[in-house]
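Peer 1: Since chain A is already given, all that's left is putting chain B on it; use the hints.
Residue numbers (our numbering), protein chains in the order written: chain A, 1 to 230; chain B, 1 to 224.
Each hint should be verified, as a subset may be incorrect.
Stated by the list, open to error - Derived Cβ-Cβ restraints for the label pairs, each shown as a range:
no., chain 1, residue 1, chain 2, residue 2, range
1, A, 128, B, 44, 37 to 47 Å
2, B, 129, A, 71, 46 to 56 Å
3, A, 217, B, 134, 54 to 64 Å
4, B, 57, A, 220, 46 to 56 Å
5, A, 215, B, 43, 50 to 60 Å
6, A, 215, B, 38, 28 to 38 Å
7, B, 57, A, 27, 26 to 36 Å
8, B, 3, A, 70, 33 to 43 Å
9, A, 217, B, 21, 26 to 36 Å
10, B, 49, A, 18, 47 to 57 Å
Said to hold, decoys possible - Some, not all, of what chain B presents toward chain A, calculated at C-beta under 10 Å:
no., residue
11, 38
12, 149
13, 171
14, 174
15, 217
Treat the hints as calculated values from the structure; they're not laboratory data. C-beta: ideal position from N, C-alpha, C; glycine also.
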Amino acid sequence: MYSKGLKPLSIATVVLMAASLALVFFYAPNDADQGFVQKIFYVHVPLAIVALCGFVAGGIMAIGYLRSGDRAWDARSYVAIHMSIIFGVAVLITGAIWAKAAWGHWWVWDEPVLVSFLVVFLLYCVYYPLRFSIEDPDRQARYSSVFAIAAGAFVPINFAAVRMAEAFTHPRVLSQTGGSMPGDMRLTFLVSIIAVTLLFVTLWKLELTGKHASMQLKRLRRRLEAEATA
Amino acid sequence: MIRTAATILRKDLAIELRTKESVPAMTLFTVTVFVLFHFGLDRDALEGSLASGALWVTLLLAAVIGVSRLFAVEREQGGIDGLLLAPVDRTALWLAKAAALFLYLCVLELVAVPAFALFLLGPDLLPALPILIPVLLAANLGLAAIGALVSALAAETRAHELIVPLLLLPLVMPLLISAASATEPLLRGDQSPEDLGRWLGLLSLYDVVFVLIAVAVFDFLLDD
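Just chain A, same shape as in the assembly (with noise of 0.2 Å):
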């Protein structure tokens, strides 16, 4: 059910993946003031992005969940949150590897952005535990659904707060107007947002065909072995 169209996907997403790496190290020039490590930015910004929508994604899937009562909704945002925490840690990962390189620490507090994401990680990261200490299904997609609709909100108000608290210090390659990016840099950005973003989906269905697959899988011998004892 969720394997249509995984292969043409997977595809698509390993030439634009090739395709962005390219761009980004034989294209993109380098950044005038931070030179070669300002490259990681197409990898930093477009996964933080991706996995803030992720999170957001999830919380409108839990929507559907309790609006539906069909499980296979909550799977959705199970996987999706699932995948951006994935995704938060590269995101972390990356983010001090640039700060390190921009700044000279590994870890500035007075970055509103960076800030926030580890906010919003670390609440995601409560996920895992809150579901799986719920044993009974109904109830545990029910309460996973709350929780990633109060959290998808809580993503747009806890970047406003902290994004105030801070002075605004941010690497800002794309200002708030966005244009002060140059062309073949703006092109290089583009291709790795579309490619991280195609990353995600796959994998959000290969996880999801994975989960589908070993649930069939536990149906179908608990059939069989229903059917050795009668």
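Peer 2: The following block gives chain B in isolation, referenced to the frame of chain A:
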């Protein structure tokens, strides 16, 4: 709905008055933490950002205790089944629990803030009060809304005592940021801070958003 909520609230307050479980524990906890801060920081008097940070972190940690005890009576004595069997709107239950938490926090602050001024605060507290009180009330409102939700969310989990702080503390981070930033100039002796409106605005936005979310999703919790 308001009447049902008021009835549940009355029941909760009656239990709290007789058992004296949550509020005294929260109060004792805050005073102990103030003493911890005194030794941990090795300072006799705090002011400015250090003071407002110590005050708010302590209040939030005390709120964690209140939140984790919020459904305790129902869970331990099985009263939750009675509440759920009764034809009561879940939103009324949330409202009652949030109101109870709000009142607990207000009572706690009646003791904790003067105690803080006595033990740790350098500048005089009195001139700061006209602004500090609205900030405290707005923060209590947000804490009550999100606390009642978190408490219900964690009530059915196995590791309940573990989930509550893990869930509540990141969720109240924006509240801590705005409340502590709004309080910071007051505790430095600056009685007319310019950023106050901005922080109070953020605090009220937080309150509104989480009250709405809690009302929207609470129906799905605690039903069986």
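Peer 1: If you check the beta carbons of residue 217(A) and residue 21(B), does the distance land in 26 to 36 Å?
Peer 2: violated, 49 Å
Peer 1: Min Cβ distance, residue 171(B) to chain A: is it shorter than 10 Å?
Peer 2: holds, 6 Å
Peer 1: Does the hinted range 46 to 56 Å hold for residue 57(B) and residue 220(A) at CB?
Peer 2: For residue 57(B) and residue 220(A) the Cβ distance comes to about 53 Å; the hint holds.
Peer 1: Is the hint on residue 38(B) kept, meaning its closest Cβ partner in chain A is under 10 Å away?
Peer 2: Constraint on residue 38(B) not satisfied, violated at 25 Å.
Peer 1: Is it true that the C-beta distance of residue 217(A) to residue 134(B) lies inside 54 to 64 Å, as the hint says?
Peer 2: The hinted range 54 to 64 Å holds for residue 217(A) and residue 134(B), with Cβ atoms some 59 Å apart.
Peer 1: Check the following: the C-beta atoms of residue 57(B) and residue 27(A) are separated by a distance inside 26 to 36 Å.
Peer 2: 49 Å Cβ-Cβ, so the 26 to 36 Å window is violated.
Peer 1: For the hint on residue 149(B), does the least C-beta distance to chain A fall short of 10 Å?
Peer 2: Hint holds; residue 149(B) Cβ to chain A Cβ min 7 Å, cut 10 Å.
Peer 1: How does the Cβ-Cβ distance of residue 129(B) and residue 71(A) compare with 46 to 56 Å: does it lie in that range?
Peer 2: Distance hint for residue 129(B), residue 71(A) holds at roughly 53 Å.
Peer 1: Kindly confirm whether 28 to 38 Å is satisfied by the beta carbon distance between residue 215(A) and residue 38(B).
Peer 2: For residue 215(A) and residue 38(B) the Cβ distance comes to about 56 Å; the hint is violated.
Peer 1: Min Cβ distance, residue 217(B) to chain A: is it shorter than 10 Å?
Peer 2: holds, 5 Å
Peer 1: Is the interface hint satisfied for residue 174(B)? The criterion is a beta-carbon contact with chain A at less than 10 Å.
Peer 2: Nearest chain A Cβ about 3 Å off; hint holds.
Peer 1: Regarding residue 215(A) and residue 43(B), is the given constraint of 50 to 60 Å on their beta-carbon distance met?
Peer 2: For residue 43(B) against residue 215(A), whose Cβ atoms are near 58 Å apart, the range 50 to 60 Å holds.
In this structure, the earlier hints numbered 6, 7, 9 and 11 are contradicted, and the remaining ones agree with it.
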